[in-house]
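Novice: The lines below spell out each chain.
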Amino acid sequence: EDQVTQSPEALRLQEGESSSLNCSYTVSGLRGLFWYRQDPGKGPEFLFTLYSAGEEKEKERLKATLTKKESFLHITAPKPEDSATYLCAVQEHSGGSNYKLTFGKGTLLTVNP
Amino acid sequence: NAGVTQTPKFQVLKTGQSMTLQCAQDMNHEYMSWYRQDPGMGLRLIHYSVGAGITDQGEVPNGYNVSRSTTEDFPLRLLSAAPSQTSVYFCASSYSGIAGGLRPYEQYFGPGTRLTVT
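Protein chains in written order, with our numbering: chain G, 164 to 276; chain F, 961 to 1078.
Since the hints were derived computationally from the structure, they do not count as laboratory data.
For every residue, glycine included, the Cβ atom is placed at its ideal position computed from N, Cα and C.
Treat each hint with caution, since some may be false.
[Said to hold, decoys possible] Cross-link-like lysine-lysine pairs, in silico, DSS-like; alpha carbons within 30 Å at most:
| id | chain 1 | residue 1 | chain 2 | residue 2 |
| --- | --- | --- | --- | --- |
| 1 | F | K969 | G | K205 |
| 2 | F | K974 | G | K268 |
| 3 | G | K222 | G | K242 |
[Claimed, not checked] Some chain G residues flagged as far from chain F (calculated, every beta-carbon gap over 10 Å):
| id | residue |
| --- | --- |
| 4 | P171 |
| 5 | S187 |
| 6 | Y199 |
| 7 | T212 |
| 8 | E219 |
| 9 | L225 |
| 10 | H237 |
| 11 | K268 |
| 12 | G269 |
Start from the sequences, fold in the hints, and give me the full structure.
Specialist: The following block contains the structure:
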C-alpha cells in the first residue's frame, strides 16, 4: 500500500478555472509534508512545507492546506504557466538521521489558454 | 549560488559498464541524497549522507555506491550498469536537524541526469 497517494493523476483546466489537487498519506508520525513543482526535464522545485494539521501556506495562485490525513493544493485562477507536475512528499519521524522523503506519483496539471 | 549541480545531463551506457554521476552543492548543506525517478513511480531514495564521511542506504541501494569526502560533493557510482538502472537520477540537499526534534528543512534538487543502459 502506497504511503502517499496523489489524485487525480492528471487534471486539465481552462485558464482561470480554479481547482484542487489532493495528497493523502498514511505515515504514523508526520514530521513534514512538502509540495514540489516539476517541469518537464527539470528537477523538482520546492513550493511549501506544512508541519501540522490546520496549517496553510500561500504563494501567488497556490495555497496548500493540511489535515491529519491529507493535504490539498488549491490553484486559484490558474494560468498556462502553472502547467507542471505537482509532487507531494512526506517525511516521517523515524528516530534516526534519515531525512527521507516519500513521494507520491504526482498530478500532471495542464492549463489551457 | 549555483545551488545543486549535476553532471552529466545525459548518459548512455552499455550493460556492464561503470560510471560516476556527479553532484555538488554550494549551500553548505549537511544532508545530501540521491533519488531515481521512473515512469509511473514516485521518486525513490537510493543513498543518503548526513555529513562528510557518513553515508547510508535508502530504499533502492542495490547496484549503487556512494562516498562523501567533502561537504560539497556526493558522487553516485554505478558498479556494473544494468538495463533496470535506466532512469532519471536526482541529487538533493538540505540542512539537517536533530532527528525527531527540529522541524525538517526543505530539500533542494538538482536538474537531473538521464541515464540509459542498453
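Novice: Hint by hint, where does the structure go against what was stated? Just the numbers, ascending.
Specialist: 6, 7, 11 and 12
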